[in-house]
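Trainee: Given next are the chains, with one letter for each unit.
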Amino acid sequence: MTGSEIAIALVIGVGFGFFLEQGGMGSARKLAGQFYLTDFAVLKVMFSAILTAMLGLFWLGRLGLVDVGRVFVPETYLWPHLIGGAVFGLGFVMGGLCPGTSCVAASTGRLDGVALMLGMGAGIVVFNEGFARVASFYDSSPLGTVTLGDLAGVSPGLAVLAVVVAALGAFRLAEAIERRRAAR
Amino acid sequence: MSRHARLALAALTLGVLAALAGQPRPAGIPAALVEGIGRGEGRLSVVELARWIKSRRADLTLLDLQSEDDFGAFHIPTAERVELVELERRRLDPGRTIVLYGGAGPIPAQAWLLLRAKGLDRVYYLERGVSDWLEAIEHPVLPDEATEAELAAWPEIGELSRYFGGLPRRGGPRPPDGTPAWLDDPTGGRLAERAMVEKARRRGCGF
Chain A
1 MTGSEIAIAL VIGVGFGFFL EQGGMGSARK LAGQFYLTDF AVLKVMFSAI LTAMLGLFWL
61 GRLGLVDVGR VFVPETYLWP HLIGGAVFGL GFVMGGLCPG TSCVAASTGR LDGVALMLGM
121 GAGIVVFNEG FARVASFYDS SPLGTVTLGD LAGVSPGLAV LAVVVAALGA FRLAEAIERR
181 RAAR
Chain B
1 MSRHARLALA ALTLGVLAAL AGQPRPAGIP AALVEGIGRG EGRLSVVELA RWIKSRRADL
61 TLLDLQSEDD FGAFHIPTAE RVELVELERR RLDPGRTIVL YGGAGPIPAQ AWLLLRAKGL
121 DRVYYLERGV SDWLEAIEHP VLPDEATEAE LAAWPEIGEL SRYFGGLPRR GGPRPPDGTP
181 AWLDDPTGGR LAERAMVEKA RRRGCGF
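These protein sequence lines map, in sequence, to chains A and B.
What the first sequence shows, in our numbering, is residues 1 to 184, in sequence order.
What the second sequence shows, in our numbering, is residues 1 to 207, in sequence order.
Just chain B, same shape as in the assembly:
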């Protein structure tokens, strides 16, 4: 058998096996993604999202997974409503940063898993969606006897809240879980840490 014939046979064999395999990727959701969502991977804080919208980040796509009625009642500025089933069919630009949110419930996390399994890397979701946005951006409250980290972060929160037409309020009861929504930073406490660093820098401690 000539070299050309052997190569042709190899190509044909791989072609037939490809037809039997069907899809060019293993079926199912990769285990690493499932483990990632368990670790809180992909969660974004509403404060970070507010910063992105305020800075008019050009590569941001904000997708709202609420029902049509809930979307009509309230949605985060610049958001576009989309159904979960639509996401499977929709072709999203992998170069853009996609943020998903909804009401309470697991839908944004499910959508995150779906898009990551489709090969999109820059996908984030708001775990508690609209309720966190309302609590952290529309009506943030600096609790009585605020901690140092809360006091340090507060000026930026107040500024963000006013930018989105919210009403920041100083003084009030501490939320039941102990931490205000605007300080609950899923990105590993970067907000509080950054605020502390900024405060220390202003004091001139040489950071």
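This is chain A alone, in the form it adopts within the complex:
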């Protein structure tokens, strides 16, 4: 990595952390509330971020300002990703924070954030030391680089519209649940 790349990564990382904190994502109660369907801040923040990034990338590419061919699309490994996602979700609901938000929580002095960061560090060491045991599973069921459009056999633009409609529907549903709970 060059010096300028490190500087850009630092600016983006600090900005990401700042806006996560401002969105209330440094609070374990708020995050755990999503799993108990008592607080929908996570869903709103994440879907808003997805919509902004997706529409921004699509239209900046379309206007020729961003070369979307150079945007990295990670490869999908079906079963490792499903199991990894389940482990991640379990840790998330138990600890109340995910890796990014635990850094945000720790930087604002929350002890639960510090504890989770220590646990995350320990997990990284254990995973690396024991990698040889899970290496064959880690690379199993590769699907290559798939996008929602590829999967559904539709154009990227139509996939963008589907995600927008899903997000707006989710926002509406979340607000309806929140209103019902407030009325009780």
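In short, the hints are calculated from the structure, not lab data.
Just so you know, not all the hints are guaranteed correct.
[To be verified] From the structure, some residues in chain A lie toward chain B, with a derived Cβ separation under 7 Å: (1) F58; (2) G61; (3) L65; (4) D67; (5) L161.
Every residue, glycine too, gets a C-beta built ideally from N, C-alpha and C.
Given the structure of chain A, go ahead and fit chain B onto it with the hints provided.
Mentor: Relative to the frame of chain A, chain B by itself:
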């Protein structure tokens, strides 16, 4: 209308327009690429390629666009055969350096244009492909009455040729176009220039 409703309406509008647009990039091949190929952009010398293979460059992907029979008859070491139509579907790692070649004809240049239009930056092609490789690496000839640049470049060419099992030969007729294939450097004469600099350095002229 509330702020949230206005934002939702904006997102929905952009989403509907995206569905109508279809692709997140303008259709067609960018004009800059077409102009680039006219300027010889993307051309690589066989000597440079030979250097990369000899140094076992780890990020190199060498793709041969010849027919199956021609590939079986001869191909450059480490090359993998691929059909032009396959390249459109194939997902290539943008972090790797891709070199394309074929027989005589425009296919490697077309493949270069295709991959550059797909957003891959580190793509090169050999303009005359196999024939240049055979002439420059397998059977290089140092012409009679060689120029200073040719004499300076020759030791490296001989070494590269022997590395690939070729037979470098001193003395012979000059090729019809005047320049040996191993000195025809599309990267702007870097080979000859570097050889001259090396020679001057050995002489101790203080470069």
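Trainee: Hint by hint, say whether it matches the structure.
Mentor: Right, here's what the structure says about each hint:
With a cut of 7 Å, the hint placing A/F58 at the interface with chain B holds, because the nearest CB-to-CB distance is about 5 Å. At a threshold of 7 Å, the smallest CB-CB gap from A/G61 to chain B is about 4 Å, leaving the interface hint in force. With its C-beta approaching chain B no nearer than about 11 Å, A/L65 sits outside the 7 Å limit, and its interface hint is violated. The beta carbon of A/D67 is positioned within 7 Å of a beta carbon in chain B (closest approach about 5 Å), and the interface hint is therefore held.
This hint holds: A/L161 has a C-beta 4 Å from the nearest C-beta of chain B, less than the 7 Å allowed.
The structure is inconsistent with hint 3 alone, although it conforms to all the rest.
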